[in-house]
Amino acid sequence: MFAVEIDQVTKSFDTVTAVDALSLAVPKASIYGFIGPNGSGKSTTMRMIVNILEPDSGSVRVFGEDARAKRQGQIGYLPEERGLYRKMRVGALLEFHAQLRGARKAGPAVAAWLKRLGLANRANDKVETLSKGMSQKVQFIATVIPEPKLLILDEPFSGLDPVSADSIRGAILELRSRGCTIILSTHDMGVAESLCDSIFMIFRGKKVLDGSIGSIQAKYGSDTIRVEVEGGAAQLGELPGIEQVKDWGQYQELRMSAGCDPQKVLECMLARARILSFSVVKPSLHDIFIRIAGPQPEEAPVD
Amino acid sequence: MIRALLLAKRDYLQMVQSKAYLFALILFPLLFAGGFLAIPLANRGNSKDLRMAVLDRTGVSAAAVMEASGRAYKRAVANVPFSSGSAPRLMLEEVKPEADSAAQYLALSDRIRSGELFLVLEISPQALDPGKAPAGGSKQAPVRYYTNSGGLVDQVALWLPGAVNDALRRVRLAQLGVDPARVGSVLGEVRVESMNLATRDPITGKIGVGSKKNAVQAGVVPFFLVFLLMMISIFGSAPNLGVIAEDKMQRVFEMLLSSASPFELMMGKVLASLGASLTSSAIYILAGLAALAGMAMFGIAPLHLLPWFFVYVIASVLMLSGLSVALGSACATPQDAQHFAFVLILPVMIPIFLLTPLMQQPNGALATGLSFFPPFTPVLMLLRQSMPGGVPAWQPWVGLGGVCVWAAAMIWFASRIFRIGILSQGKTPQLGELARWAFRH
Chain R
4 MFAVEIDQVT KSFDTVTAVD ALSLAVPKAS IYGFIGPNGS GKSTTMRMIV NILEPDSGSV
64 RVFGEDARAK RQGQIGYLPE ERGLYRKMRV GALLEFHAQL RGARKAGPAV AAWLKRLGLA
124 NRANDKVETL SKGMSQKVQF IATVIPEPKL LILDEPFSGL DPVSADSIRG AILELRSRGC
184 TIILSTHDMG VAESLCDSIF MIFRGKKVLD GSIGSIQAKY GSDTIRVEVE GGAAQLGELP
244 GIEQVKDWGQ YQELRMSAGC DPQKVLECML ARARILSFSV VKPSLHDIFI RIAGPQPEEA
304 PVD
Chain Z
3 MIRALLLAKR DYLQMVQSKA YLFALILFPL LFAGGFLAIP LANRGNSKDL RMAVLDRTGV
63 SAAAVMEASG RAYKRAVANV PFSSGSAPRL MLEEVKPEAD SAAQYLALSD RIRSGELFLV
123 LEISPQALDP GKAPAGGSKQ APVRYYTNSG GLVDQVALWL PGAVNDALRR VRLAQLGVDP
183 ARVGSVLGEV RVESMNLATR DPITGKIGVG SKKNAVQAGV VPFFLVFLLM MISIFGSAPN
243 LGVIAEDKMQ RVFEMLLSSA SPFELMMGKV LASLGASLTS SAIYILAGLA ALAGMAMFGI
303 APLHLLPWFF VYVIASVLML SGLSVALGSA CATPQDAQHF AFVLILPVMI PIFLLTPLMQ
363 QPNGALATGL SFFPPFTPVL MLLRQSMPGG VPAWQPWVGL GGVCVWAAAM IWFASRIFRI
423 GILSQGKTPQ LGELARWAFR H
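Chains as they are written, first to last, in the numbering used here: chain R, 4 to 306; chain Z, 3 to 443.
These aren't lab readings, by the way, just hints derived from the structure by calculation.
Any given hint might turn out to be false.
Stated by the list, open to error - Taking lysine-lysine and the PhoX-like style, the derived pairs with C-alpha atoms no more than 25 Å apart in a straight line are:
#, chain 1, residue 1, chain 2, residue 2
1, Z, K141, Z, K98
2, R, K285, R, K210
3, R, K108, R, K118
4, R, K152, R, K31
5, R, K90, R, K118
6, Z, K50, Z, K76
7, R, K31, R, K209
8, R, K108, Z, K11
9, R, K90, Z, K21
10, R, K118, R, K152
11, Z, K11, Z, K21
12, R, K129, Z, K134
13, R, K129, R, K108
14, Z, K11, R, K90
15, R, K129, Z, K21
Only a predicted model underlies this, so the values are computations on that prediction, with no experimental measurement involved.
Full structure from sequences and hints, please.
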């Protein structure tokens with residue numbers, strides 16, 4: 004059984020089609036990553052799952068029921084644009100959010116989460132005194148108390164320092180281990196690759212990727228050479244069978260055309276410069292994202 | 003509904019604990035009391051004795067006119083409401099006519115301009131024979147007065163003409179040879195009082211003969227109740243405009259939308275406003291009753307109207323809060339929200355502008371008709387109910403029915419705008435666009 008089933012859903016705003024005939028199934032107790040460029044339809048899809056927006060056509064089912072059914076406390080939603088009552092005290096605010104989602108006595112859970120995310124000493128402070136990172140952690144806690152069966156996080160890591168991001172990441176993994184299904188959107192492909200069981204990419208309202216990292220990468224094959232060469236990317240121009248060179252600074256990624264022999268590419272490179280490392284790899288999620296959402300040949304800027 | 007109550011509780015506590023609420027709570031009685039305190043204060047500034055000169059061209063009327071004017075002035079001063087008895091005294095002097103009347107007019111006018119004189123009263127010979135045609139066909143009044151005082155209401159005209167006429171009648175009768183001892187019983191004034199209507203006690207069946215109307219009860223009590231209702235309605239509803247726009251700008255609603263529906267969020271705001279308004283009402287009413295008891299005037303308290311007062315507070319705040327949350331949710335910033343404030347207070351302010359004519363004829367066609375128009379019903383029906391004589395028993399109930407329908411329509415209208423408004427981005431829409439939101443599927 005799936006936690007979320009989206010079937011042929013379309014949602015338009017005036018003349019803009021934000022989501023176009025989208026179908027998706029999110030397994031229970033998994034972490035599902037939503038990726039896509041800004042304005043591609045990620046947040047609209049999430050809002051339809053939470054029933055903030057209704058689809059124009061198609062259906063959204065959550066735990067087998069229509070998304071419009073009342074599931075108080077079952078869904079936690081952290082929106083991308085989020086705010087808190089600034090004049091309230093942190094502890095009282097979190098208890099208020101918990102009560103709204105059906106929890107009667109949330110005090111111990113609030114205290115435990117505040118301690119876990121390093122905010123135990125801020126429980127009596129007003130929200131307006133918190134830093135941006137602290138506010139984001141409080142927003143995350145407000146979303147997970149009481150513990151939901153489905154957690155939807157829109158850009159949960161944006162603006163967080165690495166320590167705070169790690170603590171949120173640890174909490175997400177723990178919630179998943181306890182059976183919570185998590186849908187999160189992110190622009191950080193590293194986070195998506197390392198954290199998500201499955202990835203869904205939406206582009207211009209349409210689904211363009213859906214599956215595990217492995218299956219997505221397998222679809223693109225091992226068409227990438229990762230190389231470290233003395234002299235950098237300047238040594239890698241006009242190599243036979245290479246479609247594109249991506250310079251990452253410390254190393255370069257070369258995309259091979261179909262039928263290209265990596266051995267011949269290596270021979271050519273050896274004739275030009277000293278090679279420090281050379282490996283044939285599957286394309287990264289970042290690379291796949293760029294291949295789909297980057298400027299198309301006819302759209303590419305002309306110098 | 004439980005979530006709406008939870009939201010309402012939070013918003014209510016935030017509202018009544020805010021400095022703005024406490025400030026408004028204190029400001030209202032100061033504003034109200036200030037208006038009444040201003041009367042004695044305005045008179046206090048005029049504590050200098052008032053000097054009135056009588057220019058008697060009849061040669062026989064000055065003494066009688068001065069005596070009657072002095073008495074009439076004292077009565078008039080005593081009837082000023084909330085006066086402390088420290089009104090200026092009226093000093094009278096007789097001025098003999100001079101040959102050069104134009105020069106004398108100018109000299110007397112200069113004395114008025116310099117503040118030495120308050121008023122000059124000129125009595126022409128025709129005053130003793132008003133039935134006779136004036137010499138030379140003059141259209142001038144036989145008695146005239148000159149003064150610099152007076153504004154919108156000429157206070158002198160309230161007491162001086164009666165006194166002058168009384169004095170002149172006495173002089174005329176004396177000239178006809180009537181015994182002055184008998185003049186008093188002929189010209190003596192009798193009191194004429196306004197009375198309340200007789201009523202039958204619904205329980206005992208006993209008929210109660212109408213009692214004397216109390217001026218404070220007839221004027222101040224209705225004004226107080228209506229003013230209180232108006233202020234509470236505005237103070238309870240208007241803050242929603244800025245608060246909701248602020249919450250929207252801070253993206254607070256986004257966080258709440260997975261836990262509560264837009265309708266629950268809106269009703270939370272409306273119920274919080276209602277709670278704050280009822281709290282203010284209860285405080286003011288209790289304080290008012292305590293003040294009346296302290297002044298031994300508890301009898302004028304309109305206790306029978308208090309349930310209606312609270313009903314009208316609920317109705318008025320529901321109507322206005324619905325509108326204010328809808329308008330606030332549509333605004334991009336709290337500053338934009340202030341532009342809609344006039345739309346909000348209009349239904350309350352229009353009846354207030356009409357208060358004077360409506361208080362003069364509380365059961366006239368205009369007052370009766372307007373009091374059935376739902377946005378005006380709370381203020382105008384309460385005003386009419388609180389005036390002496392009241393209204394037919396069915397009218398408040400019919401008015402209330404209209405208000406309930408109107409309030410339900412406002413809440414529906416508001417909820418349609420609110421659900422779109424809280425997620426809308428960009429510039430604040432015009433009123434026409436809001437109407438389209440309300441009626442869009």
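Here is what the structure says about each hint:
no., hint, in the structure
1, K141(Z) - K98(Z), "holds (24 Å)"
2, K285(R) - K210(R), "holds (22 Å)"
3, K108(R) - K118(R), "holds (17 Å)"
4, K152(R) - K31(R), "holds (9 Å)"
5, K90(R) - K118(R), "holds (22 Å)"
6, K50(Z) - K76(Z), "holds (15 Å)"
7, K31(R) - K209(R), "holds (23 Å)"
8, K108(R) - K11(Z), "holds (17 Å)"
9, K90(R) - K21(Z), "holds (13 Å)"
10, K118(R) - K152(R), "holds (22 Å)"
11, K11(Z) - K21(Z), "holds (18 Å)"
12, K129(R) - K134(Z), "violated (88 Å)"
13, K129(R) - K108(R), "holds (21 Å)"
14, K11(Z) - K90(R), "holds (15 Å)"
15, K129(R) - K21(Z), "holds (17 Å)"
Going down the numbered hints, you'll see the structure goes against just number 12.
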